[in-house]
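Chains as they are written, first to last, in my numbering: chain A, 1 to 563; chain B, 1 to 106.
No wet-lab data here; the hints were simulated from the structure. Some hints could be false.
Coverage of chain B stretches by chain A, computed from C-beta distances (three or more under 8 Å per stretch; other residues unrestricted) [claimed, not checked]: (1) 20-27; (2) 52-60; (3) 84-91.
Derived DSSO-like pairs (lysine-lysine); straight-line CA-CA distance at most 27 Å [stated by the list, open to error]: (4) B/103 <-> A/48; (5) B/103 <-> B/59; (6) A/341 <-> A/323; (7) B/57 <-> A/32.
Beta carbons are placed, not taken as given, at the ideal position from N, Cα and C, and that holds for glycine.
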Amino acid sequence: MNHIAPGARAGIYHYDEIDRQFVAERVEQFRKQVERRLSGELTEEEFKPVRLMNGLYLQLHAYMVRIAVPYGVMSATQLRKLAEIGRKYDRGYGHFTTRQNLQYNWIKLEDTPAILHELAEVDMHALQTSGNCVRNVTTDPFVGAAKDEVVDGRVYAEILRQWTTMHPEFTYLPRKFKIAISGAESDRAAVRIHDVGLLARRNDKGEAGFSFYVGGGLGRSPFVGKLVREWVAEEDFVAYLEAILRVYNQYGRRDNIYKARIKILVHELGLEKFTQEVEEEFARLRGPKYRLDPEIVEGVRQHFAPPPLEELPDHSEALERAKASDPAFANWLEVNVAEHKAPGYAIATVSLKPAGGIPGDATCDQMDLVADLAERHSFGELRVTHVQNLVLAHVKKDELYDLWKRLDAAGLGSANAGLIGDIIACPGLDYCALANARAIPLAQAISARFADPVRQRTIGELGIKISGCINACGHHHVGAIGILGVDKKGTEYYQITVGGDPTLTTEIGDILGPAVTETEAVDAIEAIVDVYLANRTGEGERFIDTLRRVGHAPFKERIYAAD
Amino acid sequence: MSAKDRSKEGSMKAITANRLRDGEVVFLGKDGVWVESFAEAALFQRSEADAVLADAKAKAEREQFGVDIYAFEVVDEDGVPVPATMRERIRTAGPTVRLDLGKQAA
Chain A
1 MNHIAPGARA GIYHYDEIDR QFVAERVEQF RKQVERRLSG ELTEEEFKPV RLMNGLYLQL
61 HAYMVRIAVP YGVMSATQLR KLAEIGRKYD RGYGHFTTRQ NLQYNWIKLE DTPAILHELA
121 EVDMHALQTS GNCVRNVTTD PFVGAAKDEV VDGRVYAEIL RQWTTMHPEF TYLPRKFKIA
181 ISGAESDRAA VRIHDVGLLA RRNDKGEAGF SFYVGGGLGR SPFVGKLVRE WVAEEDFVAY
241 LEAILRVYNQ YGRRDNIYKA RIKILVHELG LEKFTQEVEE EFARLRGPKY RLDPEIVEGV
301 RQHFAPPPLE ELPDHSEALE RAKASDPAFA NWLEVNVAEH KAPGYAIATV SLKPAGGIPG
361 DATCDQMDLV ADLAERHSFG ELRVTHVQNL VLAHVKKDEL YDLWKRLDAA GLGSANAGLI
421 GDIIACPGLD YCALANARAI PLAQAISARF ADPVRQRTIG ELGIKISGCI NACGHHHVGA
481 IGILGVDKKG TEYYQITVGG DPTLTTEIGD ILGPAVTETE AVDAIEAIVD VYLANRTGEG
541 ERFIDTLRRV GHAPFKERIY AAD
Chain B
1 MSAKDRSKEG SMKAITANRL RDGEVVFLGK DGVWVESFAE AALFQRSEAD AVLADAKAKA
61 EREQFGVDIY AFEVVDEDGV PVPATMRERI RTAGPTVRLD LGKQAA
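One chain only, chain B, in its complex shape (with noise of 0.2 Å):
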């Protein structure tokens, strides 16, 4: 099964931006919080995902804090949620010919 079609069946939601003043890839966390590592990211309903983007997006603005917000597809893959597609699993851990760059060389 390839991932967009797992995404289809019952997957979440996390939101993500680029902040603004260093690109630093970020995900909303809980209480509406901005977190740099995606295991901090909170997972939305697909329902309720389109109206927290909304409000992320108007407050991201507001504070000058993130550009490029969207939401995207998070799966679970034996017991643990990751991105669903290789775009945003690429996004979440750094490139995957330099392993010592990005999020995963932390």
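Looking at chain A on its own, in the form it has when it is part of the complex (with noise of 0.2 Å):
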């Protein structure tokens, strides 16, 4: 294989020769399984379960592959290899996921083995992306960067890459398992809505331990995680996820897949009896073989040591008079950058959500730029978000304006993380097979009737999130405003929920009212917004918390008034 892995990049993983001969040998497995079933010796039903322990997925128009970053985390020749393979056998973009992914929609089953041979000259692969396995891991896009930092969740996560890949209990799960790690005091990367939600801390002395949450997640019968441990030492990490795998392996439903989540078992079992099978097994599993050896963690971690930093002062002359001279960078600061631990540094985050734009999606041109830019401004390294932007963790202030000047002469410098126009939406009807309803045009609209920066701004903090079916790839439980498609006799509806929230004061939103049209639902959003602004004490009180203090009735009152 013509190897041109990332190099010495900081802050990200580099393969050692076992992981890059377990790549490979899985690319010539499946190259051969693809031509057994183009000859006929593999029928559907057969081939089936190896394509999607491969990433590969049949949609509405073309196979789909979806490709791991793992724990959201690629260095800019690893994006510049998507961007290539996007033009070559796909039709000129690809689109960003809230598993920190990126997929494909216009795949050829035949070409597959190639663009897997192709991505492993890189160190990348589509395992773990499909399948009742455990799914790519995901953190905190701020990883390594963000000033309430604690612990460095990408060293915990690729622990966990490297212990759940073929292992023989998680290869063949009830269903589908996704981890997700946070080390800071914000919780970035939804922890609670996870199959196991993990907030890494330190204790008294300084050590690494954990939180373990389990049995969150949204789709048919959305569950917040409940806390089954409040530390676990560092040394009883793999122990006690296996503790927890084993306990789901045992009693988790095969029967029926809408119950086959852990999130059922840890209802139905109830959190006592479930912890108390957990703890069971994990004092059986503890010893010797389980421990968590500090000389791997420490190996692991010189992997994500800190990139050379420069000793800047904090305070950026040049940024300052950027700022005077062009408002609407001046907004994109205030919206889009957050404080970076180091002095005279900067985290950027890059909007993939232009006003009217699909969500989550980018051309192979913009990868390039975004690679360069990487290159140019953040040691080569990137990183995806579970909202479906990319950020550049490491810029110095000094940059940023040169750095935004670039982007958004390539429609990526919008001004919105985190407001009304940075919308998830999943692919809905638009490309999914089990869509009932599309998500991505209401996403355009609603961002299109909320372009204006200003009025954005004046919004404040507002997520919504949109799916296009129960299964809740769009999040939308958690949406501040939620919105889930449905399917009336033939004809798309939107139900709309709101008071859901992501982070660390996890809420499940509640359904205001009966499902409304697509046209309608815009206004309805609109009316939403309005009233929040009628209500709201003063520019600092949130949404979330305006609905919090008046409860649902005015904003019912509002949309469905004429009904």
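Hints are included, so try docking the two chains, each in its own frame, into the full complex.
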């Protein structure tokens, strides 16, 4: 294989020979499996589970392949390869997902072995992006840079990647299994809506440990993850997770796909009984074999050593001048740029949500540009966020204006991170074989309605999340305003929920009233916003806070008054 | 009247699949030949569609041609046969949000 792996980039896990050989072998296995399918040696029934284990789905228009971006972190080299594949084998674009991955929508089965081979050249693959296994572990997109970070989640996410890949007990779970890790005071990884959510912390001695939340999830039956153990020491990290997965493997339902996720098991067994089972299994497992050796942790940590940041003054005169001279940049700075732990640096969110655009889509030219900008401004690495944006995590404040101008010229300079235009939307019925209704057109209409950046700033923090079916890939349950597309006798309708919250104060939103048509939905969202603005105590009171204070009644009254 | 209501009244059926090697949406045309354009799809009475579908599935599997083969409702709109549901309309044309992609772009 012509290996052109990322090299010595800061913040990127470098494959060793074992990783590399394993991925290469899987590519060759799949190449033969595809050949056998095309020749008729394998039936579709035999082939389907195999292709799903390699991230290959059949969607409405073509095959879709989902590429793993482990914990959402990749190098500029890897992003360039994704752009190259998008041009060569797809239609010149890709779609970043809520699992911090990337998917192509127009793939040919006969091309997939070549695609996987090319991915392997840059240490990438499509493993654990489908099927009933442990999926790509997600983490804070500001990891390694955030001012409020306590523990680096990448280290433990990478340990889990190595632990779970090809683990025989985790290959045929009752259902898919999603894990998220957050190591900061603010939860930017939505940990409590995951099968297992991990909050990494430090004790009084400065040692790393984890709070385990289990049984969260969205979909048909949404649940908020429950605290199963407040403190699991680092050395028991793997053992405790294995204990949870063993209990799930033993008791999780395989007879009913709608009741197969661990959230249903936790709910049906009850937290006390579930915890007791896990603790008993943990007591059996605990010992040398499952002890996470500090040397292993340190070895992985070395891969994520901080980039060579310069010692800079925190104040940037160049930044202040640019801010004063360009109001659009000043607005972007306020909205899309977060504090870095190192003086003189900042974290920049690259919005993939232009007004009227398709959330999460990026053209291959845009991918190449972001790769170039990551090289130039952020040590050659970048992150994908679970809200379908990109992040350059280590940008000098002096260089932010130059960065933004280049982004803006390519349609990537929208100032809407966390605002009403920063909508999560699943591919919906425009692409997805499971969807009941389209999600993207509604997202486009809403972001176009609220395109004015001043109006967005006035409204403040407000997450809209849209799913095209009850599987909830668009996270609608935890949207401050959530929208679920439903099919009513062949016509698309949209059910609106309010009050969802994906952060540590996790809440599942409540249905506001009967579903509305697509046209009515945009007006209804605007009406909800108007009611909020009329009722809030001031600019400091977020939508979610006003809703909690005044209840649903004023919102319902406004939307359904005419009914 | 909704699309599904319309479909119940004397509707026809077409048979569709995704082509195995590339996933392209195809329709069963005249003489059992698979075609890429819905305009060339054969339409079947509801009463005969099940038998035609069973034959098409067996043949497609035998020849490693298509996957996910099923029949869908077609209704008459101003003298033109169109898929009854939004899902099938999108499959026959392409994504409504990218008119430059899919069959509609041809």
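Taking the hints in turn, this is what the structure says about them:
For a cut-off of 8 Å, the count of residues in the region 20-27 of chain B with a CB near a CB of chain A stands at 6, and the three-residue condition holds. Beta-carbon proximity to chain A at under 8 Å applies to 0 residues in the region 52-60 of chain B; the threshold of 3 is not reached and the given coverage is violated. For the region 84-91 of chain B, the stated coverage by chain A is satisfied: 6 residues place a CB nearer than 8 Å to a CB of that chain, which reaches the threshold of 3. Simply put, residue 103 of chain B and residue 48 of chain A have alpha-carbon atoms about 26 Å apart, close enough for the 27 Å limit, and the pair holds.
Distance check on the hinted pair: residue 103 of chain B and residue 59 of chain B sit about 25 Å apart at the alpha-carbon level, within 27 Å; holds. At roughly 21 Å between alpha-carbon atoms, residue 341 of chain A and residue 323 of chain A fall within 27 Å of each other, so this suggested pair holds. Proximity of residue 57 of chain B to residue 32 of chain A is assessed by CA-CA distance (about 25 Å); at most 27 Å being required, the pair is judged to hold.
Violated hint for the displayed structure: number 2, the only one.
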